[in-house]
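Chemist: One-letter residues, chain by chain:
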Amino acid sequence: MQSKTIVPELAAVEIHGMDRGSFILKGAFAVGAVYGATAVSPFVRQAFAQAGGDVDIVNFALTLEYLEADFYKKGIALGLSAEVEKLATLLGDHEQEHVETLAGTVESLGGTAATEPKFTFPIQDEASFLELAQILEDTGVSAYNGAAPAIESKEVLGAAGSIVQIEARHAAAIRFVNKVSTTPDAFDEALEMQAVLDAVKPFIAA
Amino acid sequence: MSNPEASARSALAELSDDPASRKRFLKQMGGGLAGASALSLFLAACGGSDDESSAGTTTAAGDTGAATTGAAASGGDLEIVNYALTLEYIEADFYAKVIDSGLFSGASLELIKSIGDHEQQHVDALLGTAKSLGEPAAKPETTFPLESADAVLELAATVENLGAAAYLGQAGRIENKEILAAALAIHTVEARHAATLNTLTGKSPTPDGAFAAPASMEDVLPQVMPFIVS
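Line by line, the protein sequences give chains A and B. Each residue of the first sequence is one higher than the one before, counting from 4 in our numbering. Each residue of the second sequence is one higher than the one before, counting from 2 in our numbering.
If we strip away everything but chain A, and leave its shape as in the complex, we get (with noise of 0.2 Å):
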């Protein structure tokens, strides 16, 4: 079907859901320009801070990961070989524990954890699977890098900076096994919750 870019609405919005020249720092504040006019305060002001914000930022987190260890569940059980199947098994196993921190964290804040929406996903093969996880882990790192800056507690964001550096570390080998480039940008970009919830909604089924 669709074999180069499984997801086209996920690929456009890796690529255009920031602008990469203006979130590089070219300057001393290069990123405000991203951060600080249209996401930070907004983002922190009204949609956060006001309705619960680190709640619902985890809750975010927590439907993603929701995702990626659905995702790998889904590949493992295509018949994978050896070699992908042993990694598909170690980035899952990470994922579900990201899932079980976070679920933790929002009772620990509060919160109601979010629960675990039905996944579908465009996967036949190994080929199909290694290209979508390529693309999901690069989207959970953009993710948790656009989302954490709105966090308001320091043991919240340690916590994201903790498993966003393993979504990355993720990004990277699903990307050696694909030969392509494991770390395409000197800086990696980032994303709003809602470009990546929208990114997402093709693999949440009802």
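Bear in mind the hints are in silico, worked out from the structure with no lab data behind them. From the three backbone atoms N, C-alpha and C, an ideal C-beta is built for every residue, glycine too. Take these hints with a grain of salt, some might be off.
To be verified - So these bits of chain B aren't anywhere near chain A, every CB distance computed over 12 Å:
1. Ile100
2. Ser102
3. Gly103
4. Ser106
5. Gly107
6. Thr143
7. Ala152
8. Phe228
Stated by the list, open to error - 25 Å max Cα-Cα, derived DSS-like pairs, lysine-lysine:
9. A:Lys204 <-> A:Lys121
10. A:Lys89 <-> A:Lys76
11. A:Lys182 <-> B:Lys114
12. A:Lys182 <-> B:Lys204
13. A:Lys77 <-> A:Lys204
14. B:Lys178 <-> A:Lys157
15. A:Lys182 <-> A:Lys89
16. B:Lys204 <-> A:Lys89
17. A:Lys121 <-> A:Lys77
18. B:Lys98 <-> B:Lys114
19. A:Lys89 <-> A:Lys77
20. A:Lys76 <-> A:Lys182
Assemble chain B onto chain A, guided by the hints.
Modeler: Showing chain B alone in chain A's frame:
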């Protein structure tokens, strides 16, 4: 907490795994440094940014005092940015020297060049940020053991894992959201480098498991000291 792979570890890795030798090293470096004063001495050792350090007549204690005052006056973010800048200077210099060493060719040379280019871009970005906040850290003179391609890749993996841990260790301390966003964007790139080099050297891309461990300045500084000449 220590990684399972215990093969030919560099002195650097040994230092990071062995609290006793780390303490010994800290003592050697300046009589039991701790916390902010370790950074101050570190920055002073890197040449600092003030004029008196180039005169070379001030004592370590004197430099420490001056650097501490400077950092305190300019706020914590400058100190953190200068710390990151110094680490990136070291990394960029490392890859430049590796490229010059002639130990690599072909695809592995291309990878080294690509990683080195990223580190240089980090230097440029952090230098600009430090300038906007105050006085940037000076570029240190560095030295690295470049004996064989295998040893260099091991050292590169160690340095990148340390770099990723160092950024993670500062995330919760950064006050300015724009600087935090920039640090995060660099942090995950260091993590990608680390995973790549780990894979190339036969290690797990995720040696900490599902959650990456942070490293404090106190943990990181003694590990990079051996690479700093002045």
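Chemist: Can you list which hints this structure breaks, lowest number first?
Modeler: none
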